[in-house]
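Visitor: Which chain is which? The protein sequence lines are L and A, in order. Okay, so the first sequence: first residue is 267 according to my numbering, each after it adds one. Okay, so the second sequence: first residue is 77 according to my numbering, each after it adds one.
Be careful, since some hints might not be right.
Calculated lysine-lysine pairs in the BS3-like style (CA-CA distance at most 30 angstroms, straight line) [what the hints assert, rightly or not]:
| hint | chain 1 | residue 1 | chain 2 | residue 2 |
| --- | --- | --- | --- | --- |
| 1 | L | K307 | L | K374 |
| 2 | L | K283 | A | K89 |
| 3 | L | K322 | L | K269 |
| 4 | A | K89 | L | K322 |
| 5 | L | K364 | L | K283 |
| 6 | L | K322 | L | K364 |
Not the full set, but computed from the structure, chain A residues with beta-carbon under 7 angstroms of chain L [stated by the list, open to error]:
| hint | residue |
| --- | --- |
| 7 | G79 |
| 8 | A114 |
| 9 | G118 |
| 10 | P119 |
| 11 | E128 |
| 12 | G132 |
| 13 | F178 |
| 14 | T181 |
| 15 | F184 |
| 16 | G187 |
Derived from the structure by calculation, the hints contain no laboratory data. C-beta atoms are modelled at their ideal positions from N, C-alpha and C, and glycine is treated no differently.
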Amino acid sequence: ELKVEQNPLFLSMQEGKNYTIYCNYSTTSDRLYWYRQDPGKSLESLFVLLSNGAVKQEGRLMASLDTKARLSTLHITAAVHDLSATYFCAATTSGTYKYIFGTGTRLKVLA
Amino acid sequence: ETGVTQSPTHLIKTRGQQVTLRCSSQSGHNTVSWYQQALGQGPQFIFQYYREEENGRGNFPPRFSGLQFPNYSSELNVNALELDDSALYLCASSGRVGGARFDGTQYFGPGTRLTVL
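All chains, please: the whole structure from these sequences, using the hints.
Guide: Below, the structure written as structure tokens:
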């Protein structure tokens, strides 16, 4: 059974600093997704990673995938307050499009 | 292009009652997935519908049931409501649109907040 874990669960960081969120999954998965959720809101798609070594970047966020290590990372560069949100990764069981979500990382960027 | 919409936004029910939640998929999408998100948790997969057929189910009891209609909109029905059913229910649609490559990305609606008293 596919399981997805994220760490840290909570992250409080200063503006301008860099940090990385980690997403580990337990069995083979052919796709890895990152979403952002603001309080009381729905999920916004950030990235989809489809192959080993895939790297995607948008603004201050960069996501990567290592399928051999079963690990995806979301790197935050020079954090700003607007990045404060909860970030989820989700993996899919091979051959399906059923998302298994991680526990989420609640990010708070302090001015 | 219209995004995913859900109704109602909020709902309050009592234990034992039944509820129906509705979802309209994004234009061109033929797949709808439903998730339950308890407070402070990640979304949990309930089930998925593809072209009006159930296409996978998570670890939810049979009192959670669904439908997909020919226009690909969908309903989630929950019978015999329990206190633990209180959560945000999210609908997501996906599908290949035109000649674009399909990467499986699901687009989420705003959710229905269900409170069971």
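Visitor: Against each hint, give a clear statement of whether it holds in the structure.
Guide: Checked hints:
A hinted pair counts as satisfied when its Cα atoms are at most 30 angstroms apart, and K307/L with K374/L qualifies at roughly 16 angstroms. Our distance criterion of 30 angstroms between C-alpha atoms is broken by K283/L and K89/A, whose separation comes to about 45 angstroms. At roughly 23 angstroms between alpha-carbon atoms, K322/L and K269/L fall within 30 angstroms of each other, so this suggested pair holds. Of the supplied pair hints, the one linking K89/A and K322/L is violated, its CA atoms being roughly 43 angstroms apart against a limit of 30 angstroms.
Pair hint K364/L plus K283/L does not hold up; C-alpha atoms about 35 angstroms apart against a cutoff of 30 angstroms. Only pairs whose Cα atoms come within 30 angstroms are accepted, and K322/L paired with K364/L is accepted, the gap being roughly 22 angstroms. Proximity of G79/A to chain L is violated relative to the hint, the smallest CB-CB distance being about 10 angstroms (cut-off 7 angstroms). Of the supplied interface hints, the one on A114/A is violated, with its beta-carbon coming no nearer than about 11 angstroms to a beta-carbon of chain L, more than 7 angstroms.
At a threshold of 7 angstroms, the smallest CB-CB gap from G118/A to chain L is about 4 angstroms, leaving the interface hint in force. Interface restraint check: P119/A against chain L, minimum CB-CB distance 5 angstroms, threshold 7 angstroms, status holds. Checking E128/A against chain L by beta carbon gives a least distance of about 16 angstroms; that is not within 7 angstroms, so the hint is violated. With 7 angstroms as the threshold, the beta carbon of G132/A comes within range of chain L, its nearest partner Cβ sitting at about 5 angstroms, so the hint holds.
Look at F178/A: its Cβ only gets to about 9 angstroms from chain L, farther than 7 angstroms, so that hint breaks. For the restraint placing T181/A at the interface with chain L, the shortest Cβ-Cβ distance is roughly 5 angstroms, inside the 7 angstroms limit, so the hint holds. Hint status for F184/A: holds, given a least beta-carbon distance of 4 angstroms to chain L, under 7 angstroms. This hint holds: G187/A has a C-beta 5 angstroms from the nearest C-beta of chain L, less than the 7 angstroms allowed.
The structure is inconsistent with the numbered hints 2, 4, 5, 7, 8, 11 and 13, although it conforms to all the rest.
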